[in-house]
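Given the coordinates of chain A, work out where chain B should sit on it, guided by the hints.
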Amino acid sequence: MKLHLHNGIRYFIKAVVLTCNIILFTAVVTAGTPAIPVTPGKVTSTQQQAIDYVEKIRHLKPSPHWPNIKPALFLKNLKTNIHDIASIYPGKGTNFCGYGALTYLFLQDDPLGYATLLLQLYGEGKATFRSITFDPPPAIKLEAGELKYKGLLDINPAEQMWYLTLADHYKGYLNIFNHQYDDGDENRFWASVNYAKFNRMTRELLHYNSKAKGADLMRPKMASLYNYISEKMKTGTVVLFINNRIVHKKDHIRLKLGVPTHFIVAEKISIENDVITFMYWDYGRKTQLQVSTDFFKRIVFGITWFTKKEANAE
Amino acid sequence: MLNKKNYILVVSLFTGLLFSCSPKNISTKYYYENEKVLDRIEESYKALYPLGPFNVGFTDRDFKTVSLEIITDTLSYIYEFGIEEPRLRDTLIAYDLNAAKINTLIKQMHDIRCTWITYSDYYVDEKKETMILMSIKPVALKSLFSYAKYYVLTYFPQPQYFDSEGRLLDKRKLRRLRKINGEVFKRINNKVCYSITGHFR
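Chains as they are written, first to last, in the working numbering: chain A, 3 to 316; chain B, 61 to 261.
Bound-form chain A, shown alone (with noise of 0.2 Å):
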């Protein structure tokens, strides 16, 4: 009972906390931050370029960066990412959900440069890619490769490691209270991702320009989300931020926080007799699902479109 007890109080305190976060972050973090200038028509590289790359190496050593990392597995699993892309797997129970669709999307632009950044990371315990520096504190790298009970990410090393780096390098105003990385912080506020902070993420490291409508409390304002989401998909990749307590039910309670979770890539959108169908990569998968378009209304908070530097970008 009192352990119960405790954890209905803990429960409520980080519900108010969030919803405080919210309130009062919104209106800054929506403005925005300006996108990282690129030279417009840089060549990214094809995935036949990053498995060529990746096929040639046969032996890694174990790092002395990263103790706890198996470099077979590491390989492995770096050569699965390139291979399949929609295998990258944020893990059962985390809060990577956002730093999934992010390296989703980088592999489809730049596997070459991923693979290379995540080989430079291993080797060298640091690296930098489009200026930016990922320098990991000892923590970081004690854990990676030690996470437990995630289902798949449990023997994938290399986005182990990948995550962690991504969620210390990055933060938010959902990280303010819990800066430093302590076992378990993968599943807490840590890791948290909110809308502005993965944009930021996504213009800082892909090749993309990107367009974002919506924020983390106030969903976006459009005459059709249907025709804006299946438009900006004709000519880019759409990444949608919803409220995943409501697709993915996972208790009864019926006053929910009406607050976007998860970060999906959208795939496929089609509509008929005002229901939507709709397709996504998450979780490494796709899932189709068909839902009502107020239903589709409740639930997306946050659309950001990305289209090639040297193509279509408005």
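The set of hints was computed from the structure by calculation and includes no laboratory data.
The beta carbon of each residue, even a glycine, is placed where N, CA and C say it ideally should be.
Heads up, some of the hints might be wrong.
Claimed, not checked - Which chain B residues face chain A? A few, computed with CB under 7 Å, are given here:
hint, residue
1, Arg121
2, Lys124
3, Tyr137
4, Phe141
5, Glu144
6, Asn158
7, Thr178
8, Val184
9, Asp185
10, Leu237
11, Asn241
12, Gly242
13, Lys246
14, His259
As the list claims (entries may be wrong) - Okay, the calculated beta carbon distance ranges per label pair:
hint, chain 1, residue 1, chain 2, residue 2, range
15, B, Leu237, A, Ile53, 20 to 28 Å
16, A, Asn275, B, Ile153, 18 to 26 Å
17, B, Arg227, A, His254, 36 to 44 Å
18, A, Asn275, B, Glu186, 44 to 52 Å
19, B, Asn158, A, Thr295, 48 to 56 Å
20, A, Arg300, B, Glu145, 43 to 51 Å
21, A, Asn275, B, Pro217, 22 to 30 Å
For chain B alone, kept in the frame of chain A given last:
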């Protein structure tokens, strides 16, 4: 004002009320009281799953809305139906699943207030293992001020390791507790464990 005798009576009554429906009380008895039904559901799901992978459960409090996830090699499909809706049967048939048996399973789940049944994977020495995870929302599992209210059972295919307090351990490092969806599980028998959690999946 309450005298000492009345005070003790009131406190005892209040404590009794709280603990008579406490998760701890439920967890020790629940499985054995419902063992046959629970095991039947597990066996039925285990037999049906290889014919076409799926997860099923109820997403509403009244157990009227069935959530069905059909898993194919390339895609997962998520559907929601009313329990009596003909679309449910039509969909199962469309995916070449055994509609009659899955409907029976759903009815059994409904009757015992089973909220979700799924296969879940975990890794031991880098090797993938699977288990069945089943959550139930018993009527009595509603303690005051508590948000944790699901009784979750795990059915492992092989015997597991436990510490002296009966907590599920990681096989490799016998002292490390194995967590499933962030929860510590306790022994019912060598292959079945339980936990009381705030989430049904």
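Hints and how they fare:
1. Satisfaction of the interface hint for Arg121(B) is found here, the shortest Cβ-Cβ separation to chain A being roughly 5 Å, below the 7 Å cut-off.
2. Using the Cβ-Cβ criterion of 7 Å, the hint placing Lys124(B) at the interface with chain A is not satisfied: the shortest such distance is roughly 12 Å.
3. Annotation: Tyr137(B) was flagged as interfacial toward chain A, and the flag holds, the nearest CB pair being 5 Å apart, inside 7 Å.
4. Proximity of Phe141(B) to chain A is violated relative to the hint, the smallest CB-CB distance being about 11 Å (cut-off 7 Å).
5. Proximity of Glu144(B) to chain A is violated relative to the hint, the smallest CB-CB distance being about 19 Å (cut-off 7 Å).
6. Because the closest C-beta pair between Asn158(B) and chain A is about 22 Å apart, greater than 7 Å, the hint is violated.
7. Interface restraint check for Thr178(B): the shortest CB-CB distance to chain A comes to about 12 Å, outside 7 Å, so the restraint is violated.
8. This hint is violated: Val184(B) has a C-beta 9 Å from the nearest C-beta of chain A, more than the 7 Å allowed.
9. Below 7 Å, beta-carbon pairs count as interface contacts, and Asp185(B) has none with chain A, the closest being about 10 Å; its hint is therefore violated.
10. Here the hint on Leu237(B) is broken, as its CB sits about 10 Å from the closest CB of chain A, past 7 Å.
11. Because the closest C-beta pair between Asn241(B) and chain A is about 6 Å apart, less than 7 Å, the hint holds.
12. At a threshold of 7 Å, the smallest CB-CB gap from Gly242(B) to chain A is about 5 Å, leaving the interface hint in force.
13. Contact between Lys246(B) and chain A, as hinted, is not supported at the beta carbon level, the nearest pair being about 13 Å apart and thus beyond 7 Å.
14. Hint on His259(B) holds. Least Cβ distance to chain A is approximately 4 Å, under the 7 Å limit.
15. Between Leu237(B) and Ile53(A) the beta carbon distance is about 40 Å. The supplied range of 20 to 28 Å is therefore violated.
16. In this structure the hint that Asn275(A) and Ile153(B) lie 18 to 26 Å apart at CB holds, the actual value being about 22 Å.
17. Judged by the Cβ atoms, the range 36 to 44 Å given for Arg227(B) and His254(A) is violated: they are separated by roughly 27 Å.
18. At about 48 Å, the CB distance of Asn275(A) to Glu186(B) agrees with the hint of 44 to 52 Å.
19. Checked against the hint of 48 to 56 Å, the C-beta distance between Asn158(B) and Thr295(A) comes to roughly 34 Å, which is inconsistent with it.
20. At about 22 Å, the CB distance of Arg300(A) to Glu145(B) disagrees with the hint of 43 to 51 Å.
21. Remark: the range hint 22 to 30 Å for Asn275(A) to Pro217(B) is contradicted by a beta-carbon distance near 44 Å.
Hint violations for this structure: numbers 2, 4, 5, 6, 7, 8, 9, 10, 13, 15, 17, 19, 20 and 21, all remaining hints satisfied.
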